[in-house]
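Residue numbers (the working numbering), protein chains in the order written: chain Z, 1 to 311; chain U, 312 to 684.
I should point out that these hints are in silico values taken from the structure, not numbers from a laboratory.
Some hints could be false.
Unchecked claim - Pairs of lysine-lysine, PhoX-like flavour, derived with a Cα cap of 20 Å:
no., chain 1, residue 1, chain 2, residue 2
1, Z, Lys-94, U, Lys-521
2, Z, Lys-139, U, Lys-472
3, U, Lys-521, U, Lys-598
To be verified - Taking CB as the label site, the calculated pair distances span:
no., chain 1, residue 1, chain 2, residue 2, range
4, Z, Gly-305, U, Glu-356, 47 to 55 Å
5, Z, Glu-214, U, Ile-360, 49 to 57 Å
6, Z, Trp-173, U, Leu-576, 54 to 62 Å
7, U, Trp-683, Z, Asp-241, 52 to 60 Å
8, U, Ile-360, Z, Arg-90, 16 to 24 Å
9, U, Ala-560, Z, Ala-75, 45 to 53 Å
10, U, Ser-557, Z, Gly-132, 47 to 55 Å
11, Z, Ala-75, U, Pro-612, 38 to 46 Å
12, Z, Glu-15, U, Arg-338, 35 to 43 Å
13, Z, Ser-2, U, Lys-598, 56 to 64 Å
Here the structure is a predicted model, which means the values were calculated and not measured.
Here a beta-carbon is modelled for each residue, glycine too, at the ideal position from N, C-alpha and C.
What follows is the residue order along each chain.
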Amino acid sequence: MSVVVQCRDLRKTYEGKVKVEAVRGLSLEIRAGECFGLLGPNGAGKTTTIEILEGLLEPTSGEVTILGCSWKTNARAIREQIGISLQETRLSEKLTVRETIELFASFYRQPQPAEEVLAALQLTEKSNAQVGDLSGGQKQRLAVATALVASPKILFLDEPTTGLDPQSRRQLWEIIRKFQQGGGTVLLTTHYMDEAERLCDRIAIVDNGQIIAEGTPAELIEKLGGHHMVEFALSGNSHGDSTAWRSLPGVESVRDEDGRVCLSVREPHRTIPALLEQVDRFSAQLEHLTTRQASLEDVFVNLTGRHLREE
Amino acid sequence: MSIAQQTPFKGPPQSAPTPSAAPHNGRWSGFRHLLSARMLEMAREREIIFWIFVFPLLLALGLGFAFRNKPADRTTIAIAAGPEAQNTLSLMQNSAAHASIRAEIVDQARAKDGLRLGKFDLVIEPLAPGRVQYDFDPARPESVLSHAEVDQALQSAAGRKDILTTNVFTSSEPGSRYIDFLIPGLLGMNLMNSGMWGIGFALVDMRQRKLLKRFVATPLRRSDFLMALASSRLILMVIEVGLLLSFGALIFHIRVVGSVLAILLIGAIGAVSFGGLGLLTASRARKIESVSGLINIVMMPMWIFSGVFFSYERFPASAQVFIKALPLTALNDALRATILEGSSLASQGGRLLVLALWGGISFALALRWFRWS
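Isolated chain U (complex conformation):
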């Protein structure tokens, strides 16, 4: 009570204006405070930090190691026990390719079981001197490979001469590995996730809390409010891009060929585009449950089709037009071209246009339908 009595209200300005203490706010004061409040809020929300920053790194780490380029696997084969088994084995061991083939003699039943269970890639049944039968599973790539490799080894060990002289050149340089493909894809996916959730979810949450309505009840301009939200996304985008790319460079020695400025510009267009899409999904929903469903429905096709984890070239040709029209496909392709191949920004014009159209149309529709209370 006592504190309140010491400091009575000044009351409405007409009564006694005190020129000294009253602060005067400029045109952008609301925008600046809203932006810094938004950043503070996110910095204090540990879950957001995890999903935006830590999760993509963990994903890159896990997938990067799972699909890392390792020396070619040795193929494991079985030779069915029989009178010719030992001869076949020694033929194999004398072949030039013996280092990449591990062979053992087991009885026929165990050999067949092993093939079925994936323990062996191939089973050799010596039928008679100079005659063998191969058992393999054509549906398993390693089984098919094993067949070719073992046959080649046996044939040449048995005296076949190669007619064509061939030179072999192998490449597992940075730039063409799976992790090189993956990191830009993860970056694109992350920009989509954080754009959709960071804008869409945040807005509906504010609407449900009636915070949106409370802001509208102040002189704050609605455009300033939306700009503050968009700006907070752009700041996060710079951190996301920087973190994931430096992580890729440090841990997986990814070479970033393109200019950082071009990458950031593409990131910004992507972040704004998905921000627009997030705004659209959030324009009507009153409950976070319903917007969560909507966001997932919008993102689902892009997780699958937009070439995050594997190339979309694997989908049928008829689907390619649809796939390339997706914003995440455009973003991923533009990021890959810039990061891995150093393509110029101008060469990515088409893809950036796709992004801009998605963002622009969503934004325009969102503003028409947006529910402030």
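In isolation and in its complexed conformation, chain Z is listed as follows:
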């Protein structure tokens, strides 16, 4: 498959009173037809990266190629072929949904008919409503509509579902999937691991301006060593020595988390009986025990020792 977005050793340093290195040597390749996700906590450098790829920010150093073109020489040609939804654009409140879509359509040589975009984004009913009267989910769909009306080859979405209710999020996921099914390529940033897991073919986990892991969601979880997580807590907060848990059968890694012990395991049915025996040996009380499938959140915590969303 051909590569449609490529960047090499991207760096962005904001000079100022305090020098901020937002992106520190980031390289990636996105192939035609895939949905690629930049997953990371707030402040990881996702937005800076995507805005450099969108040609809205100048990188301090590094190269960007979009559809074989460079921003320096072919900016307008690239603009004609990509659709962008920024993080939180507040569109003109006094224009109607249809007027907004037609306005953005007018900027492209060959846009998709407004009527089709309205229908595809389920905004037909609201087409004569003013933007100021829309709900958060509808506004976000309109923002994506202004990107899709370009009939783009690549769709760039920066945190498309942040702040939306579950139903609106699922609607947007559906829209993104349909675009992909039509042959489009998607690059999105998110700090929701479930979004990345469900939507993305490949993911780059970004932290401190660098990619710390890259692959399909399954590959990334596979790298954890175990597909399952066993979490437990002992009474009196006496967790014992982590090596005591590491040596249990099937345990790949151990981490201590707010008074709980998290074991990443291959075969829970072998680990759990051994775990219970160990607890007995310590003559401790088991206060809490859960097992679940490992997620990208666990991958992130395993790599950085932090959670995606520190709340």
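Following the hints, put chain U in place on chain Z, whose structure we already have.
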């Protein structure tokens, strides 16, 4: 859900181009849509309509009536009570000017109080037959006037003969009244206000909303965007000028002597000039609070010095060069000369040059510093 399923995305053009439905946009499609969107937005914003169109009319109406030319006021004077008071009063009533003087006899204390409070313009104290004393306040113009008028009336009633024969001719024709001075000034001020706010405020608002950045992320040319904004100002300018001038003509019978085309051309140069200034004030600011302050700082000196409500000739001669270099002064002077005196466009070349320089330099600087995101 069902609607979405019926109409799947066509996807990127390479897959299946459908020649029938896909619209093709021409070179100016973005500009045209942006301009009409801008006009629609403003038409739907009631506050904008009020400040741009209604407020100047209300201002003209209020000031026009407050300073309308009315028959000369009668002066009200007091004659301090005393033995000669009645004689002085009858002398006054027999004088030729008695119609414009209202006199009454009150006791001395009340007369002094009345003078102090502005109830009387003048107090006469008859001291002896054939001798009076005037009390008046030289700081009050009407008091000074009253003194001259009453003295003239008493002297001639007492038998003084005028040696010089004089003819008097009065004029309160349209063209020389306060409202005639005011309307072009309001027009200039309005073009400044709406240019600065319409461009400066609108741009920072769009920047704060990240709308500016969103537009930049499309193939729309930045020059088309700025041209659309400027064009929307020009359209509004025509309406502003038309409205205020017709209002002046209908309500206050102002005679527009100059050609409408020349007035509109001056208005256009003014609107573009202040648009450039608005662009400059908006070139860096990220928040509407900061641009609001900037706009007010830029406009403040012009409200005061540029002869909107009163002539700037009243300021010291040393300040005149500075005042005449202000864009609003140039605009107001050019509008007054054209509207009231019918001056030709060529005769206003200097003033239009001042406007063009302000606009041009601001525009060039603004483009260098402008922050699109």
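Here is what the structure says about each hint:
1. Using a Cα cut-off of 20 Å, the hinted pair Lys-94/Z and Lys-521/U holds, with the two alpha carbons roughly 16 Å apart.
2. Among the hinted pairs, Lys-139/Z with Lys-472/U is inconsistent with the structure: their alpha-carbon atoms are about 88 Å apart, more than 20 Å.
3. In summary, the hint linking Lys-521/U to Lys-598/U is supported, as the alpha carbons are separated by about 11 Å, within the 20 Å threshold.
4. For Gly-305/Z paired with Glu-356/U, a C-beta distance near 51 Å keeps the hint of 47 to 55 Å intact.
5. Under the hint 49 to 57 Å, the C-beta atoms of Glu-214/Z and Ile-360/U, about 55 Å apart, fit the expected range.
6. Under the hint 54 to 62 Å, the C-beta atoms of Trp-173/Z and Leu-576/U, about 57 Å apart, fit the expected range.
7. Against the hinted window of 52 to 60 Å, the Cβ-Cβ separation of Trp-683/U and Asp-241/Z comes to about 58 Å, which satisfies the hint.
8. Between Ile-360/U and Arg-90/Z the CB atoms are about 22 Å apart, so this pair conforms to the stated range of 16 to 24 Å.
9. Take Ala-560/U and Ala-75/Z: their Cβ atoms lie about 52 Å apart, and the range 45 to 53 Å holds.
10. For the hinted restraint 47 to 55 Å between Ser-557/U and Gly-132/Z, the CB-CB distance of approximately 34 Å leaves it violated.
11. Checked against the given bound of 38 to 46 Å, the beta carbons of Ala-75/Z and Pro-612/U, roughly 41 Å apart, stay inside it.
12. One distance hint, 35 to 43 Å for the beta-carbon pair Glu-15/Z and Arg-338/U, holds here, with the actual separation near 39 Å.
13. Separated by about 44 Å at the C-beta atoms, Ser-2/Z and Lys-598/U break the suggested range of 56 to 64 Å.
When each numbered hint is compared with the structure, violations occur for hints 2, 10 and 13.
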